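So the number in this note's numbering is just where the residue sits in the sequence shown, counting from 1, plus 2.
Source of the hints: derived by calculation from the structure; they are not laboratory data.
Just so you know, nobody snuck in bad clues.
Derived lysine-lysine pairs resembling DSBU-like cross-links, with alpha carbons at most 35 Å apart:
#1 Lys127 <-> Lys75
#2 Lys75 <-> Lys115
#3 Lys115 <-> Lys127
#4 Lys49 <-> Lys35
#5 Lys43 <-> Lys127
#6 Lys112 <-> Lys54
#7 Lys54 <-> Lys127
#8 Lys112 <-> Lys35
#9 Lys112 <-> Lys127
#10 Lys107 <-> Lys49
#11 Lys49 <-> Lys20
#12 Lys35 <-> Lys54
#13 Lys115 <-> Lys43
#14 Lys107 <-> Lys75
#15 Lys75 <-> Lys124
#16 Lys54 <-> Lys121
#17 Lys49 <-> Lys75
#18 Lys20 <-> Lys35
#19 Lys54 <-> Lys43
#20 Lys112 <-> Lys124
#21 Lys15 <-> Lys43
#22 Lys112 <-> Lys49
#23 Lys121 <-> Lys43
#24 Lys127 <-> Lys107
#25 Lys75 <-> Lys54
#26 Lys121 <-> Lys107
#27 Lys107 <-> Lys124
#28 Lys43 <-> Lys107
#29 Lys115 <-> Lys49
#30 Lys35 <-> Lys107
#31 Lys107 <-> Lys54
#32 Lys124 <-> Lys43
#33 Lys35 <-> Lys15
#34 Lys54 <-> Lys124
#35 Lys124 <-> Lys49
#36 Lys121 <-> Lys75
#37 Lys43 <-> Lys20
#38 Lys15 <-> Lys49
#39 Lys121 <-> Lys49
#40 Lys54 <-> Lys115
Only a predicted model underlies this, so the values are computations on that prediction, with no experimental measurement involved.
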Amino acid sequence: MSALIRFGVSIAKDLLEKFDAVISDQEYPTRSKAIEDLMRKAVDEHKLTDDKTVSVGSIDIIYDHHRRELLNKLTDIQHDFQETILSTQHIHLDHHNCFEIIVVKGEKGKIEKLASLIKSEKGVKHSQLRLAPAPQ
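Please build the complete structure, drawing on both the sequences and the hints.
The following block contains the structure:
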């Protein structure tokens with residue numbers, strides 16, 4: 003673990019009170035832990051501005067599995083990105099709808115291309131990409 007450093011921050015009292023209420027609702031043990039998480043999030047978001055950043059995440063999709071040729075198209079897309087896809091989980095929601103979670107790792111730009119190709123297919127009702135920089 004890195005060495006700890008103390009530092010002072012000047013902030014408006016009303017903003018600090020609102021922040022303390024939020025972190026209390028989120029059950030943070032200390033203000034320091036909440037600030038650390040916010041700083042880490044800012045660093046991660048900055049890393050993700052580069053398309054070459056190695057990232058991990060998931061593409062969550064809901065689609066109509068009765069849509070003609072959709073399953074074949076989704077499978078073909080995924081085969082074109084097999085170096086990026088680590089795993090998939092397929093769940094039957096009801097007679098018409100399936101939920102699929104595609105776990106990915108690779109360059110952010112390639113993952114975004116994969117997610118874009120999937121979400122643009124007719125019959126895909128919902129698609130969401132979640133990314134974080136890969137741990138180094």
